[in-house]
Amino acid sequence: MQLKKQRPSIASLLAVASCSLLNQSASASEDDNNWHVDSALLLYSEKDRVDAVEPVISATRSFADESSLTVKVAVDTLTGASPSGATISDVPQTFTRPSGRGEYITSAGELPLDDTFKDSRTAVSVQYEFPLDRRTRISTGLAFSNEYDYTSVALNATVARDYNNKNTTVSAGFAYADDSIEPEGEIPIAFASMAPAGSEQPRDRADDDKTTTDLLVGITQVVNRQTLMQLNYSYSRAEGYLTDPFKILSLVASSSGATLDYLYEQRPEERVKHSIYWKTKYHRLNGDTVDVSYRYLWDDWDISSHTVDFRYRIPFAERHYIEPHLRYYSQDQADFYQQFLVAGSPQPRHASADSRLGSYEGITIGAKYGYRFNEDSEFNLRLEYYEQTGDRAHRAIGVGRNYDLFPDLEAVIVQLGYSFSF
Amino acid sequence: MTRVYVLSLALLLSSCAEWGVEPWERDLLAKPEMQLVTDPLEAGLDDHIYFSKEASSGGASFGGGGCGCN
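Order-wise, the sequence lines are chains A and B. Letter by letter, the first sequence follows residues 2 to 423 in the working numbering. Letter by letter, the second sequence follows residues 151 to 220 in the working numbering.
This is chain A alone, in the form it adopts within the complex (with noise of 0.2 Å):
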C-alpha cells in the first residue's frame, strides 16, 4: 500500500497533541462534527462465578475555543459467587450469610463460595478539558459511582505542556477519590468467628470509608515518523477501611488440617503503591500498528506485580481490521497473605485469604474485530479469554494436601462497541 503524504490539518495536529496529552481519546476529526459518541457492551463471565454485564456510553461535544466535554455513563450488574476466602476441606461446610440471616453450604472437595452478592453499580463522570495556551493543556473531571453497599466520588485534574516542537509532551497529574461502604449485615469485628446463622452476628460498625490519592507524572515523546513513546510514574495512597468485609479465613488444625473455626479478615488500613509504566505505538509502513506496553508495580503490603499487554493491528479490505491481544500478569503475594490460619499459631496483626492477594499468574488471549464505516465511525467486537493460575505448592497441611487449593480462575470477555460523530 502506498502512503499518502499530505499536510496535516490544524485540526488533525490538535487531536494528536491532546491524545498524547491526556490520555483521552478524539480521533483525527477533520469534519464539522462537534460530538462524537462511543458505547460499549461488555459481557464478562466467569467459569462457576461472576457473570457481569456492563453497558457504558460516552459523549463528547467539542467547541470552537478547542475545549471538550465529555460525559459518560456505566451501569454494571453482577451476578454469581466469589470465593469467601474459606479454604477447601474434605467434609461439606456451612457458612453464615453476611445478614447473618441465612446460610449457605458447600460439598467437600469444592472452593467455597459466597452467592449471596447480587450488585448493580452506576457511575456518571464528567471531564474538561481546555488549553490554557498553545503549548498547555488542562484536563479536570468529576466521577461519581454508586452501588447497593458502596459510594465513591472521585475528582482529577491534569495539565500537560509540549516541548521541542510538541515532540515532547510532560503531563502532571493528580486524583482524589473518597469511597464509603456500608456493607450488608455491618462490619465485621477482626478475626471474630463467624457465628451461626439467626444468632448475634459480631459485628463492630455500620458503615467506614476510605480515601485514596493518586499522583501521575508522565512524558510522551514522538520518537520519529512511526514511533511514540510514553513513560509514567504513578503514586497512590489508600488510607481507610481496606479490608473486605465478606472476606473470612478458615481456622485449621495444626496436624489434621481440619477447619475448626471462620474468622473475619483484617488488612492494613494504609496502602501506597507506585507503579512505572511504559508504553510505545508503532506503525509499521505495510499499515499494521503495535502497540506494547509494559508496567511495574510495587506497594508497602509487599505486593509487586510485572503486566506486559501487545496488540497488533492489521487493517485489510479497506475498512476491517483485526487487533490481536495478549497480555500477562505475574503476582507476588501480599505479606499477611495467608491461605488459612493455623490453630495454636499467635494471632497476626492483619491476615487475608483473598487469593487476589496471593501469588499468582494471569494471562489474557483474545482479538478484536473492526469495521469503520469512517474516520469517526466505528462498530467493533472482542472476544478474549482470561485465566488465572495460582501457587498449586502452598504449605498445605493434612486434608489441605489432597486439593489444589488455588483453583484457575477462568473467564470470557465480549466486548460490542459501536462509535459514532455528528
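All clues given are correct.
Stretch by stretch, here's where chain B covers chain A in the computed footprint (C-beta under 8 Å, at least three residues): (1) 39-46; (2) 161-170; (3) 207-221; (4) 230-239; (5) 304-313; (6) 325-337; (7) 352-364.
No wet-lab data here; the hints were simulated from the structure. Built from N, CA and C at the ideal position, the CB exists for glycine as well.
The hints should help you fit chain B onto chain A, whose structure is shown.
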C-alpha cells in the same frame, strides 16, 4: 536520590530533543490507531475488570477504583 531523579529526567528530556518529527511528518501519528489510547471505553472496562481481579491498578492513567468489587 532526588538528584539522581532530576538528573535522569534532564538526560531524558535532552535525549528527547534529538528525537521527533516536523509538523508535516505527522501523517501516521495522526491516525486514530496511533493514539495512545485507541479505545477509551475498552481501556476503562479493562481497568474495571483487572482492578476487581488483581491487586494492581492504574499506571497508564488513573485507572480502576470506585467499586466494592467483591
